[in-house]
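Peer 1: The residues making up each chain are set out below.
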Amino acid sequence: MQKKICMLGGFAVGKTSLVRRFVQSIFSETYLTTVGVKIDKKSVVFPDKTVDLILWDLAGEDDIGSFRVSYVRGASGLVLVVDGTRAATLAVALTLRERVEAEFGAMPFVLLFNKSDLADRWAISDNEINELKQIGWQIYLTSAFSGEHVDDAFRQLASMVAK
Amino acid sequence: MTSTVDPISLPQRAASNDTEIDREALASLLVEIARSVDPDYRARLDGVPTADPRMETLRQLLVGREISELSRVTHLLDEPEQLAAAVGDVLPSAAARASHAQLGEALAPAVERAVQRSIQKSPRTLTDILYPVFLPAIRKSIGEKIDQTFQSLNETLRHIFTWHGLKWRFEAWRTGASFSEVVLKHSLVYRVEHVFLINRNSGLLIAHVTADNATSEDPQLISSMLSAIQDFVKDSFNEKEQSGLDTIRFGELRLWSEVGPFATLVAVIRGNPPEELHEIVRDVLLRIHDECSQALEQFDGDSSQLAGVETQLQTCVELKQEESNQGFPWLVVAAVLLVLIPAGGWFFLSWQSGQRWQAYVSRLGTQPGIIVAEQKMRDGQFYIAGLRDPLAADPQSLLSGTQVDPARVHSHWQFYQSLEPEFVLKRLTASLAPPDSVRLSIVNDRIVAEGEAPDTWIDRARAAARQLSAGGPVFDISKVRDVSPETRAAEHWQAYVSRLETQPGIIVAEQKMRDGQFYIAGLRDPLAADPQALLSGTGVDPARVHSQWQFYQSLDPKFVLKRLMASLTPPKSVRLSIVEDRIVAEGEAPDTWIDRARAAARQLSAGGPEFDISKVRDVSPEARAAEHWQAYVSRLETQPGIIVAQQRARGGHFYISGLRDPQATDPQALLSGTGVDPARVHSQWRFYQSLDPKFVLKRLMASLTPPKSVRLSIVEDRIVAEGEAPDTWIDRARAAARQLSAGGPVFDISKVRDVSPEARAAEHWQTYVSRLEAQPGIIVAQQRARGGHFYISGLRDPQAADPQALLSGTGVDPARVHSQWQFYQSLDPKFVVKRLMASLAPPDSVRFSIMKDRIVVVGEAPAAWIDRARVAAQQLAADGLSLEISELRELTPQELTRLREAIQAVDIFFDSGKAVPGPEQLPVLDKLANQLKGLAKDARKAGVTAQFMLTGHSDAVGRETTNASISAARAETVRALLKKRGVAPESLLVRGAGTFEPAETENSRAGSSANRRVSVTVNFH
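Heads up: the sequence lines are chains E and L, in that order. For the first sequence, counting from 1, position 5 maps to 5 in the UniProt record's numbering; every step adds exactly one. For the second sequence, counting from 1, position 392 maps to 392 in the UniProt record's numbering; every step adds exactly one.
Honestly, the hints are just simulated from the structure, not real lab data. Virtual Cβ for every residue (Gly too), placed ideally from N, Cα, C. It cannot be assumed that every hint is accurate.
As the list claims (entries may be wrong) - SDA-like mimics (lysine to any residue), calculated; alpha carbons at most 25 Å apart, straight line: (1) L:Lys980 - E:Asp120; (2) E:Lys163 - L:Asp731; (3) E:Lys49 - L:Asp731; (4) L:Lys751 - L:Asp731; (5) E:Lys41 - L:Asp218; (6) E:Lys49 - L:Glu297; (7) E:Lys41 - L:Ser303; (8) L:Lys980 - E:Asp48.
To be verified - Short derived list, chain L residues pointing at chain E, Cβ under 7 Å: (9) Gln220; (10) Val233; (11) Asp235; (12) Gln298; (13) Glu622.
I would like the entire structure built from these sequences, with the hints used as guidance.
Peer 2: Right under this line is the structure:
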């Protein structure tokens, strides 16, 4: 079973780095700057099935206006990526999600607070994260550097979209 | 009344919903009914009616409202208009809620009829509605058709004149297909390698089929990327069309995509596919949509529902056109068999006659002088070709008795000379015709001649022997004796004598031979051939000839004619000839010649042949004029600068054309004194520049206007200039010489002496002086040039440019310049600023600027400096200059300065080769961070911003580039560490100084640990 998943997040939040180490890829990263999208695959194996997540890594933009919503068409889920050392990127990720939801309706997503290895520069308060967890969001503190929780996040999302 | 339900309360509860029931009337009615139910009470009543009116009242009370409602509804159903209005209100939402399938089925016939009706009524409306839907499809279809046409036209043109072009034409004729179809079939070689079926919505792969041996990367990723690219193109170019990318082409590979409502089919094709393939691919896509429309629409990444699709796709992948030969040629085989069977019968017969033929051929082969080169049998005919000696037996006659039909023999013989001795002997006998005294025979393959023969025959025989020697048999003539010398001499003599006798002007009187000596006597005309000379080539030995000749004048007309020719020398226009022993002169001649000819005729008249000059016309006037003309023309031709191209005389007029140099003599003027009538001369002259040195000289004189001191002359075709001239003239002369060099005479100016150096030097000096005068801060008081030396004096500001330095590049020899400069202070604001900079030594934070005549100082400076500037301003004011210092701000309170100095004294040290400080430096860093933060805070309070420059340094060990980068890395590290300690990163600047700013000079090889550091400088803004 395959599912289209879009990776969303502001500029330089580490989407591409997350993807680089944990997925299967045949396209170079120049696609991101040329076509604005790069496609990778992450296979998640469950006891009863295998879900192929086809990850659309969209070129991150701080300017949300230039975000190409059309790339999200047909997606079954989202990976929202936030740079834990820059509080502003949380707002960007949330706005992106709202735009997608407005266009294509609600869909399952996981929210990744990336760069968890840079604890000394951490800019998001635990309160904020806890509040989001309270509403039932799937939240992971990830690090593309150490690989912490990245697989968990993809596995969680796979189980959500494959239902 | 002990009921569980309080009867009174029921209506009350209901009343909250409905107030129309009259509860009081109902209660009294019920009480009354209850009473009448009581038998006692009932017994007391008389004549109770059967139909109790109270029941009716009760009914009215209980269901009166429902009755009226019912009647309203009934009324509604009965009235069509009202019913329509009511249904109309609910129809849209009813349709929305109805089961789609049932509703669709129910509506379909009606809708179909409606559409049909609408088209019948006004097709226009529906066309307008469908226009945006059909237009792109029609457009695309037409586009493809045109592509198809072009492709077939292209291919047809390419192959129209080739060999397989002809072959295909035949195939087209044979199969009844059009030529272009056949061409396409052969030339479009392609293979569909992959087919992807991609969900249009999500870009997810539904199915993928690959041809044998074709490989690709992960098809899932490819299909997503393909749809991403489609989106990309659509977004990037704002393309609204629904169709998507048609074709992507990359070298040999093409990606063709067909877009359906739910899925896109992408075919990856290698090679050159025909356009019809589009239709095939589209058909497959349509079929897939037909069969699995629902599964496609609901596709959510699980393609197990769509397993059957792959077989459809497989049909696409099997499409290919390969270069291959046609199948086994059954038709040809059948045709061959048909021919072979009768041929078998015929073959036997021809074999038999072939045997006979072979017998004949071998017989020919044994014949001397016949060589069979080629022979063959075909269709019962015999062909033979070869060589035969003309002397050999006739091959035709040899046929008789061989049973071969002569009519079927076609022979082609070329004659050749056989070198077999018998044939050679035959030929020699025929060609040499040996005298009877000679006998030829064959001895051991050699041909031997014996006997006696004259040397001429021997010579011929010897020549024949030489010819034979190449390849032929030996021809031996050594046994033939030469019998001829005497006879031959006599023969030669006789030949000579008869030759003499035929000579005109020679009369042989007597001749004889005796003892090998020859005697001859006779008369000869002096003009006749010399008998002695006639001897040569006759073979007669002149030493043995004794001749006696007496001269006489032959009156034979031929000799007379010769004599006349010699004495009269007639002009070319006169022809002398002999006509019936008379000598006739014809033509035209001047009168003088005619007079001489007449005198000769008179002399001849006694005894000689007649000399008739009556036919010579006197032509002298014209001839004279022509002579004059010729004289004139040759005069012109000798003129320098005149080239006569063409000239002729006709009808008493003269025409001449050619080229003349403007400097040459006028041809018209040359006419005078030539005797040519100018009125009859028609001349056409074109001017040209003669390269004759004389003319070149004239032109040079005109163009160069040499000064009097220069003399130009011609020496051996060269133009030589001598004397003295300024260099400008020499330059011009040199340019002229260069121009001449192509084809013209040499212009030698080497002997002109340049008289200008002094003049030039003076010019350079003037340039230098005016340059000085333009310099600010320099005042030239006096200057002069004398005797090749230059003197200059004046004033100069110490800040002004150095006059000596300005000399460079002016061409003035510094050694000849004698200058005397006195220093003065220029009041030019520029110089004033320079001086102030030197005397006041302003801090970096201060900037001087010149605004018109005022000098403005802005920035920040310590109070002491500002005081000094104020003093300077007062001094300048005395000189009439204004120095404005009002915009200067006093800098840095004491406290900040102290903090700064404390910070600047701190260094962070590093181990050799390390960019990270050791742990012992951490306390220093902590302290430094606190200091920086403190200073930044204090500075903010004082209204300034503090900025910290972190400068990394390295020791001098190792390579310079490494040192530079490690120094920068150290500064970066310290910046990061300070940032971590809470220093505002924007206040931290870094730079690497490498080894260039050492704290101490290094001597040791280990490198100075004091130099491996990061220093801090503080700036305020």
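Peer 1: Between lysine 751 of chain L and aspartate 731 of chain L, is the straight-line Cα distance small enough, at 25 Å or below?
Peer 2: Roughly 14 Å separates the two Cα atoms, so the pair holds.
Peer 1: Given a cut of 7 Å on the nearest C-beta pair, is the interface hint for glutamate 622 of chain L held or broken against chain E?
Peer 2: violated, 98 Å
Peer 1: Please verify whether lysine 49 of chain E and glutamate 297 of chain L have alpha carbons no more than 25 Å apart.
Peer 2: Holds: lysine 49 of chain E and glutamate 297 of chain L sit about 23 Å apart, inside 25 Å.
Peer 1: Quick one, are lysine 980 of chain L and aspartate 48 of chain E close enough, alpha carbons at most 25 Å?
Peer 2: violated, 49 Å
Peer 1: Taking the least C-beta to C-beta distance, is valine 233 of chain L closer than 7 Å to chain E?
Peer 2: violated, 9 Å
Peer 1: Taken at face value, is the distance from the CA of aspartate 731 of chain L to the CA of lysine 49 of chain E at most 25 Å?
Peer 2: Between lysine 49 of chain E and aspartate 731 of chain L the Cα gap is close to 98 Å, so the pair fails against 25 Å, i.e. violated.
Peer 1: Would you check whether aspartate 235 of chain L satisfies its interface hint, that is, whether its CB is within less than 7 Å of any CB in chain E?
Peer 2: Given a least distance of 6 Å, the restraint on aspartate 235 of chain L holds.
Peer 1: Does the structure keep lysine 41 of chain E and serine 303 of chain L at a Cα separation of 25 Å or less?
Peer 2: At roughly 17 Å apart (the allowed maximum being 25 Å), serine 303 of chain L and lysine 41 of chain E satisfy the hint.
Peer 1: Would you check the hint for lysine 980 of chain L and aspartate 120 of chain E, treating anything up to 25 Å between C-alpha atoms as holding?
Peer 2: Status holds; Cα separation ~8 Å.
Peer 1: Restraint: glutamine 220 of chain L near chain E, CB-CB cut 7 Å. Satisfied or not?
Peer 2: Where the cut-off is 7 Å and the nearest Cβ of chain E is about 6 Å from glutamine 220 of chain L, the hint holds.
Peer 1: Is lysine 41 of chain E within 25 Å of aspartate 218 of chain L, Cα to Cα?
Peer 2: holds, 9 Å
Peer 1: Is the shortest C-beta separation between glutamine 298 of chain L and chain E less than 7 Å?
Peer 2: violated, 13 Å
Taken one by one, the earlier hints fail for this structure at numbers 2, 3, 8, 10, 12 and 13, listed in ascending order.
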